[in-house]
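These protein sequence lines map, in sequence, to chains B and G. Quick note: the first sequence uses the working numbering, first residue 996, plus one each step. Quick note: the second sequence uses the working numbering, first residue 29, plus one each step.
Some hints here could point you the wrong way.
To be verified - Label pairs and their computed distance ranges (CB to CB):
hint, chain 1, residue 1, chain 2, residue 2, range
1, G, D126, B, S1153, 32 to 38 Å
2, G, S243, B, Y1052, 49 to 55 Å
3, G, E143, B, T1026, 46 to 52 Å
4, B, T1026, G, G124, 39 to 45 Å
5, G, P96, B, S1153, 39 to 45 Å
6, B, V1029, G, E92, 48 to 54 Å
7, G, K170, B, Y1052, 52 to 58 Å
Hints in this document: simulated from the structure, not taken from any laboratory. Every residue, glycine too, gets a C-beta built ideally from N, C-alpha and C.
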Amino acid sequence: MNEFVNSFREAFNLIFSFDAEVYGIIWLTLTVTVSSTAIASVIAVPAGIAIGSYDFYGKKLLVKIIHAFMGLPPVVAGLVVYIFLSRNGPLGSLGLIFTPAAMVIAQVIIIIPIVTGLSIAAVRLKSKVVKENCKGLGLGKRQTFRLLLHECRYPIFSAILTGYGRAISEVGAVTLVGGNIQYHTRVMTTTIMLETRRGNYDQALAIGIVLISLSFVINGILYRLQEGK
Amino acid sequence: MKVLIENIKKSYSDRFTLDIAKLELAEGRIYGILGPNGSGKTTLLRLISGLEKPDSGKIRFDLEPEAPSGEIAFLLQDSYMFDFSVLENVLLGTGGKDSAGKKLAMDALREIGMEKYANAKASTLSGGEAQKVAIARTLARKRQLVLLDEPTASVDIYSMRQVEDFIKKFKINHNATVLLSTHNPSQAARIADEVVIMWNGRIIERGSPESVFSSPCREETKQFLENWRI
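Could you put together the complete structure from these sequences and hints?
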């Protein structure tokens, strides 16, 4: 029990100490997770709407593959990105390995199937009735797409939130491709791992509490945005 | 807009086949498509609207294989209200949100007595009210061809008359061709220039409401009309 009390105290100390390293870790965590969620959503939401609302050859197989990749182990995604970006890999010349950019790439790969799969489920129920009513009014494809997005915005927002939740809690891939380098690629989840290994449970728990609080605040902001407030 | 339907067939597995050898629809007339459930009224409207493709046969619009963009409006049986205000929903049917579009939308709402709900959320309307807004949205601007699938199925008697007056006024103002499917011969008698009777996917009879209702040629038409007092 004492450990938890100490952890909360430590968490407050961490936040209000204005320690540059701690704030650097929080800032990098936010930058990486928000960037990867935004990039993945820009790709996955239109893809999910298109797949969910149109019939085409091979659709069932594609949906099965996407569903399978929704459970992609982050460490496997990290390993693939690592192989591609490592010095001897096909994209090694870009010099991205052990950089925040590599962490974003790995997270984008992890999030895309999740947001796509949930977006497909989101539009599947409404796409027929919305598309037919749009056609009945003589509306074009672009306006139909915008209206479908509007009508399915709540479940699509939930899909994005789920993707963000995966990104902020992810540790395996960012450790592999980021390397957990101090002042450079260390994020909150990798810090928790490191401090636990060092036996600094108070500090690990404190960072965990900050991470959960941060996640809570971000979700709250996104929820208010979703409600249009 | 003139519509010509030739040798149209559309099957849904073994359950139902629409089979129409020929149907010509003239400009500026209201056609009441009558028939029992499952007779093919909705399928016919969906084929004309382009929502479904026929298995075989042709549909021509003023002799062209396709109607000019935006000139067909189709009110579906399960019309849908978008998660906007009533006015914004009707604006979708006007083709623009400018002052001209707003005027068209408000005029259409006035025709069906819904102007006082213009700023209400569409989701707060009752089923009948939502249907009236969907009708206003469909008839908000000029169209050459309008397809209405049981437009008054969920509205009360008073509103039904409002909607019928609106449809008649729309036809006269825009010289539009209107196809209206209904189970209700009384309604067809009130507003249609011509009625088309459908039975098991085929057109079995057509003519003016007076002639078809007073002396039907087919036994099936008699059967269908016997259940109604016109």
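Structure versus earlier hints - violations, ascending order: 7
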